[in-house]
Every structure is written in C-alpha cells, then in structure tokens.
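J.: With the sequences and hints as input, model every part of the structure.
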Amino acid sequence: MRKNKQLRALCESAVFTALALALSYLKIPTGLAFGGFGGSIDLVMIPLILCAIRWGIGWGLGSGLVFGTLKFFFAGGSAISWESMLLDYSLAYMMVGLAGVLKHRSSMAWLAALIGCLGRFAIHFLSGVTIYAEYVSPIFGWDGSSSVIYSILYNGSYMLPNTVLAVLAVALLQKPLSNFLQAKDL
Numbered sequence: 003m004r005k006n007k008q009l010r011a012l013c014e015s016a017v018f019t020a021l022a023l024a025l026s027y028l029k030i031p032t033g034l035a036f037g038g039f040g041g042s043i044d045l046v047m048i049p050l051i052l053c054a055i056r057w058g059i060g061w062g063l064g065s066g067l068v069f070g071t072l073k074f075f076f077a078g079g080s081a082i083s084w085e086s087m088l089l090d091y092s093l094a095y096m097m098v099g100l101a102g103v104l105k106h107r108s109s110m111a112w113l114a115a116l117i118g119c120l121g122r123f124a125i126h127f128l129s130g131v132t133i134y135a136e137y138v139s140p141i142f143g144w145d146g147s148s149s150v151i152y153s154i155l156y157n158g159s160y161m162l163p164n165t166v167l168a169v170l171a172v173a174l175l176q177k178p179l180s181n182f183l184q185a186k187d188l
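Numbered according to this note's numbering, the sequence shown spans residues 3 to 188.
What the hints contain is simulated information worked out from the structure, not anything from laboratory work. Any given hint could be a false lead.
For lysine to aspartate or glutamate, the following EDC-like pairs were computed, each having C-alpha atoms within a straight-line distance of at most 16 Å [to be verified]:
(1) 105 - 187
(2) 186 - 14
(3) 7 - 187
T.: What follows is the structure, encoded as structure tokens:
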C-alpha cells in the first residue's frame, strides 16, 4: 500500500508541476520598468501550494524545486549568474513548498499559501540584497541608497500581487477541494 501511495504522490506532484509550468506562460510582466530585471504576476504558485498541502513539505519542496528549474530553462528565465538562477528560480519556488507544513489542513489552506509565498519572497529578498545589490537604483520615488529597501520594494512590487492572488485562489478552492487536500481519497 505504501509503495502505491508514493507512486501516486510522485504522479500527482508531476501533474501539479506541469500545471504550474503551463501557467507560467500566462503572466503579466512587471519588472521591465525597473532596470530590465524580471518579475511577473501569474498563477504558478497555486498548483505548487495545493501539492504541498496534499502531500506535505517534502513533496512540496521537491515540486517547487523542479518547477523553478524548469521555469528558468523553458519559460523565459533570465539571470545574471548561476547564483541568481539558483536563488531566483530553483530555491525561490522550492520555498513555496513550505505550505506543506499545514499538510492535510484544508481549513488552513489560505495560511499555507501565505507561508509558501513568504518563503518565496524571502529568497527573492536575499537575492536582491546580495547578488543584485550592485544594480540598486531609484525606485518608486525612493533615492536608491539601500539594497535592503530596494529589494523590498522591487520584489514586493510583484510578490505582493502574486501573494494576494495565491491566497485568495487557495481560499476559494479550500472548500471544494477539502477532501482532496485532506487526502481522504487515499
């Protein structure tokens, strides 16, 4: 029985990852106004969050890692170095899997989504204050004197709308998908 459950987890995680990759082509770019760097508003975190809630943190982190890496190579990823590719794609999307800390808690799905989104933001923030610090420039009327403020403003400009979308979408899906997220069908 355990072997079948692991196979099912693998197959469903692959489907969630593929759905996230398909959704990555439907996006609203936001980063071009800020020096040509990336950032977009999209729905890619939703399947990753649902996977993490259903299967737990391990499968969630794994699905996010695979998705982030595939997104870089197949969905128009750009990076200034291998470090920025690793942080802004592979590790950032892996952190969405932190939603799995609330495994099978469908009534807390909105909180799981928030946790996953904050995990992703933390990695983008870290990338902004380390790798992209040399590119700090004025943004939103601010003078550009701190990489910390720049990273918060820049990454917040696309992560805040993405977080709101993900939390709302997962909150709306939590009731119809309750049995699925609680794994009552296993």
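J.: State for each hint whether it applies.
T.: Hints, one by one, checked against the model:
Restraint check: the Cα-Cα separation between residue 105 and residue 187 comes to about 15 Å, which is no more than 16 Å; the hinted pair holds. For the hint linking residue 186 to residue 14, the alpha-carbon distance of about 15 Å falls within 16 Å, and the restraint holds. Only pairs whose Cα atoms come within 16 Å are accepted, and residue 7 paired with residue 187 is accepted, the gap being roughly 11 Å.
Violated hints: none; the structure is consistent with every hint.
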